[in-house]
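Number of protein chains: 4
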Amino acid sequence: MKTYVLVMISLALCPGTVSLHAQSDAQPNPPWQLPSDDQRCPSKWGPGDQRGSGNLMKPGTVLRATKLIKTGEVFELGELLSADPKEAFINGGRQFSLYTKPAVPKPDTRTENEELVVAELGQVGTQIDAFAHQMYGDSFYNCYKYADIAGRNGYKKLGVENIGMLMSRGVLIDVAGLRGVDMLGDTYIITPEDLQQALAKEKLALQPGDVVIINTGYGKLMGKDNQRYERNSPGISIAAGQWLVGQDPMLVGADNCCLEVRPPEARMSLPIHQMFLIQYGVHILENLKLEQLSAAHAYEFAFIVQSLKMKGATGSAVEPVAIR
Amino acid sequence: MKTYVLVMISLALCPGTVSLHAQSDAQPNPPWQLPSDDQRCPSKWGPGDQRGSGNLMKPGTVLRATKLIKTGEVFELGELLSADPKEAFINGGRQFSLYTKPAVPKPDTRTENEELVVAELGQVGTQIDAFAHQMYGDSFYNCYKYADIAGRNGYKKLGVENIGMLMSRGVLIDVAGLRGVDMLGDTYIITPEDLQQALAKEKLALQPGDVVIINTGYGKLMGKDNQRYERNSPGISIAAGQWLVGQDPMLVGADNCCLEVRPPEARMSLPIHQMFLIQYGVHILENLKLEQLSAAHAYEFAFIVQSLKMKGATGSAVEPVAIR
Amino acid sequence: MKTYVLVMISLALCPGTVSLHAQSDAQPNPPWQLPSDDQRCPSKWGPGDQRGSGNLMKPGTVLRATKLIKTGEVFELGELLSADPKEAFINGGRQFSLYTKPAVPKPDTRTENEELVVAELGQVGTQIDAFAHQMYGDSFYNCYKYADIAGRNGYKKLGVENIGMLMSRGVLIDVAGLRGVDMLGDTYIITPEDLQQALAKEKLALQPGDVVIINTGYGKLMGKDNQRYERNSPGISIAAGQWLVGQDPMLVGADNCCLEVRPPEARMSLPIHQMFLIQYGVHILENLKLEQLSAAHAYEFAFIVQSLKMKGATGSAVEPVAIR
Amino acid sequence: MKTYVLVMISLALCPGTVSLHAQSDAQPNPPWQLPSDDQRCPSKWGPGDQRGSGNLMKPGTVLRATKLIKTGEVFELGELLSADPKEAFINGGRQFSLYTKPAVPKPDTRTENEELVVAELGQVGTQIDAFAHQMYGDSFYNCYKYADIAGRNGYKKLGVENIGMLMSRGVLIDVAGLRGVDMLGDTYIITPEDLQQALAKEKLALQPGDVVIINTGYGKLMGKDNQRYERNSPGISIAAGQWLVGQDPMLVGADNCCLEVRPPEARMSLPIHQMFLIQYGVHILENLKLEQLSAAHAYEFAFIVQSLKMKGATGSAVEPVAIR
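Protein chains in written order, with our numbering: chain A, 1 to 324; chain B, 1 to 324; chain C, 1 to 324; chain D, 1 to 324.
Calculated directly from the structure, the hints in this document are not laboratory data.
Just so you know, these numbers come straight off a predicted model, no measurement behind them.
Any given hint could be a false lead.
As the list claims (entries may be wrong) - Only part of the chain B face toward chain D is listed, based on derived beta-carbon distances under 8 Å: (1) Tyr99; (2) Lys101; (3) Pro102; (4) Leu116.
We put the beta carbon where it would ideally sit given N, CA and C, even for glycine.
Model the full structure from these sequences, guided by the hints.
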C-alpha cells in the first residue's frame, strides 16, 4: 500500500519558502526534500508542459550566443563512444556495444558496411537528461504519472524528442581553476559561494537562458580511471543547485557523472536530479570533456547541443560544442 | 581468385582527366567508373587522411556561417527516430528499436528510467555517412584495405569519430521549387543544369567549404509512405555529382534516401556513393527533412551538424540544423 | 484506484468449486473469469511454489516415457529460428535477429566466428511459457506480486530456469485428423468433446503427468503465411482448457500461436493463458511443428523438452522432440 | 599475399597417415598441424556434408541410449544463463544480457511480460559448437569457403540448425576421479592414457557414436571464480584428441571452457578446435556442469541435447541431460 506521510516544514530556502514532503524512509532533518505533487505542479511552464528549461530556447538566445562567436574556435565537449574502458567511460550498469556488420568484400564490386549498436543510448557517454529519466514514487516532471506515460518502447510524454537543438550563451564556471587545482577532491561539495566566486573572478554574471558549464577537473578520469570516476565525484550541493535553478538556466552541465556531488549530502538519493528533472524541469548534461575549454580560459561562448530525437527516450548521448 | 581487368580510358571529366578501372561485371560503356587504387590514391588530402571534406571545417567556415545568422530562426532538419513506420523512416534492412528499462515505481522513492537502443545507428534516420561505409573490392577511401582496418567492433580507420562537428555556410538548392512542384518525380534525375539554375534563380553561388542541401520534396514521404520512399528516389546524376565535387563542398545532403537517383543511371551500384565516399572523401547526409526550410525560402544559412563519435562506426544518426 | 467487485458464483468445475472474480470491465455473463487471489492462492502445489505442473516431472514419468521408445524414431517438433518470414514465424511485435560476427580471414591462421542474437528469446519460435509471462492486475501464479518480483533484468521468481528438462509420456490429440481435414478452420473452437473423441478414436486416455500435444494443422502456415497464422487460430475453448487442466497434464502444446482459439470466446483476453499460467500453473508450448508426427500417426511417444535456463525469463525458445 | 609452405611429414596417426600443412608462422616441429584442404577434403562424410559426427545420430543410437535408462534419474548438465558473474560464466568477450519488457500492471486486466535477450547465443554458457564456428585461413569443415558461405545474418552452410537433437549412449570419463582430486590442476594436460585408464577403471569401452563427457572438476569454478576458469584450463592434449577422434564419437564435451588444455601445447591456436571442427567434423560441448554426475558415479547413461535451430549460427547455448 502506498503511504504518504505529509510533514509540513517551513524553511527559509532560496529561492523561496517551500514545504517539504517527508519520505517514509526519511532521514531526520533532511536538508531538502522534493515538494509534493500538489506543491510542485503544474510547473512554472504550465500544465502539460514537457519542455521545461528548453522553453527558454528562442531566436533571442541564438542571437545572444551568435554574438559571442568571434574567432570561430570550436571546443568539442563530447566523449568518444566506445566499449573500451581505456578510451571512454560508460555509465554504470550500461553498455555501448558496436558490432560491425561488414560486407564480404567482392572483387570489382561496391559493397557497404554498417554496424549494430546496442546501448542505453539515452544514458551513456556525454549525455543530456530528458525528464522521463527521473521519477519520484510514480510521478514525473509536471506530475505526469507512470501508469499514464510508461510503455515498453518509450515514454509517451517527456521524451528527449521534446528538447530539440539548444543554442545559447554558455558560461564556464571553473571551480577547479578557482581553487587552483587540476581536479577537485573526490567528494568536494561545490557551494553557491564557489560558483559565485568563480564567476566574479571572470567578471561574469549569469543571465536567464544561459547554459551553465561547471568545471571540476574530474572529467580527466574518463577513460583513465573509470572506477574512481564512477565511485564518487565532486559536484554541486543542494544549496548550489537551488541557487542555479534561481538563475533560470537553459541547461546545466559538468565534467562529472551526475552534476551533483556523490555521495550526495545527507545520503539522499541524487537530490539535484530530483530538483532539476522532476521539480523544476531543468535539463542536465553529464560527462562533459572540459580540459581544452578550461585550459583555453574560454569562459563565455556560444554553446550548441543537438540531441537525437529518439521518441520517448530518457535522454541522448550528445556531442555538444562551445564556440568563441 | 581475384581478377582485375584494367582498361585505361582517357576521359575529359571535370575536375580533371581520370582513367577508369573496368569492372569485370561492367556494362558496355558505363557512364562512369571508380578510378583504380593507383589513380585515386592518395586522395587530395594526402596519404593516411581520414577526414576528406571534413578538413574544410575551420574557424573561417564557422565565422562565415555565423555571419548568416540574422534572426536566430532555427530549422531542425533531422527526423524523429522511431520504430513506428507511421512516424519515421528507417533505412531498409535495419532497425531502430527502443526498449524502455523502467524502474518499478516505489512510494516516496526516487527511481530512474533508461532504455536500451538496438539500431544500425550509423545508418538510420537522418544520418551522415563516414568513409568506412563504402568499399570497392576490398578498398576504401584513400585506399585503406579491408584486411587492415576491419574489426568486429568497428573499423580501425575512417570511422565517424573523425568527422567532428561541422559548421559552415549552408546553401539550399531547391530543385523541386525550380520545377514548380511539391515533389520531383520518383526517378527524376537531377542534372548539373538543375543545380545551376536553382542557384541562379536565388542569385547564389557555391563556395568551397559549403554545405550543399538539395531539396527534392521527396522527404515528405518519410513516415507517410516509406515503401515508396525507399523503392526509388529522385536524386543527383553522376554528372551532377561530378559538378558538385568540383565545387569543393564540406558536405552534400538531400531529403531522400541516398542523395543520388535510384535506380541509378545505367543500373550502376550507387555511383555517387562510390564517387563521394571512396574516391573524393566527401561526406553525405541522407533523409533530411526540408519542408520547413524550403517553405521559408531559406536558401542561405548557418548549417551545423554534430555526429556521435562512435569509434569505428560507418556513420551516425544526426539532427542537423539550419539557422538564419 | 483499484476497484474490486467480487461476484461469487458457485460452479461445478473440476477439480473443485471455485468462485469467480468479476472484472470491472467485464462482459455481461462472461463464460469464465480468473478467481480472485484469495480463491486461487496458494496453488495446489503449495505456497511459494514456482514450478506448477513441472512438479509432475519425476523419475517415474521418465521411465513411463522411456517404455514408449520402441524404434528410436525421432520427430523434431521445433521450428527453425530465422528472421526470414519465408522460413519461420516470429511472434508478433518481436524479433529474432542474428548478426554474424565474422572473423577477418587470415592466411594460415585459425580464426573463429560467432554471432550476436537479439531476440525476445522467451517468446519467439517454438516456445515454452514460464509463469512470469502472465500477470492479472499485478498478480502472478501463486499470487506473486509485480512490485516484489519485477526487475530490469529478469523476474526474481517464476522464471523459466525453474522448469528444467521435462520428459514424460506424450499424447497427440489429432483434432484435424478427427475432423478429416488438413487444417482446422481459422477460428475453429476445439471443445472437450473434440479432445475426447480424438483420444477415443486412438483408444488412448490421458494420465496425470502427460504432455498433451494438440494437432490443429494450422502450424503448416508458419513460414508460409505468417499473417494468416498470426491473425486468428483454431484452438481450445475455455471448457476444453478446464477439461485438460482436470487431467493433470505436465505440459499442453499445439501447432498454433497460443494454444487457445483466437479471437477468444466472448472476446476475453486470452482466458486459457490466464487459467493455465496464472491460476493452475500449467506450462504451455506454442508454435509446434506437427506435420510429421501427425502424418506418422504417432499418437503416443516419449516427449522431451529442454528449455534454456535464462534466469528470470518469461519463457524459452525450445526444440522439443517426440520419440517412439 | 597468401603464402603456403607445404611440409610433408609422414606420421603413423590414428585413424591413418596424414600429411601436415605448415603454418607460415609455425613453430619449429609443431606437434600437429591441420592438413591442407587437399588432404582433408572431402571429409569422410562426403562432399558437401554439413553434419559430421551428427550423422552418427540414428534410431539405433537412440535405442542404445534408451536401454541405459533404468531409474529415470536425470542429471541436468547445463549452466544457468545469467549476466551475473556470481551466478554464471559467460565466455570471454561476449555477453548474455536479458532486459525485461514488463507490462505496466493494470487493475483487473491480463497483461503479459517478455524480455529482450542480447547475447552471443551460439557461444555462451553451456554450448555446442557448430562447424561454422571455426575457420582456417578462409576454409571451414569440408572446405567450405568464407566468401561462399559468409553473410551478415548467419552462415549459409554449416550452421547449428544442421545438428538437430542428439541422443546416444553417454560415457563419463572422470579424469579428476582417476587422479583422486576434486579438480585437475589449472593447466593439466589430459593424455590418451588418462582417458584409457579412467575408462578401464570403470570397465567401460567407447563405442562408435558415443557422447564422451570428460570430467576435469574445473567446471566448479563457473560462477565462483570466472577469471581463473577463463584464464587457463585443464583439458585434452592433441594426442588425446587424436585418440578420441579415432573412437568415432558423436560428441565430445567437458566441464571446461574449450575441451582442450589451455594454454595449448606448443602455444598452438586451439588445435583441438581445428582438429574436431575443421578437419573431422566432430561437435564439441563446452562449460558442462558435471558435479552431480561425477558425484553420483554415473559413468554410463542416456545423453540428450537439443540445440536451438538458429539458422546459420555457429553454435547454441544448450541444457543437455544425462539420464540413467
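Status of each hint after checking the structure:
no.	hint	in the structure
1	Tyr99	holds, 5 Å
2	Lys101	holds, 6 Å
3	Pro102	holds, 7 Å
4	Leu116	holds, 5 Å
When held up to the earlier numbered hints, the structure conflicts with none and fits them all.
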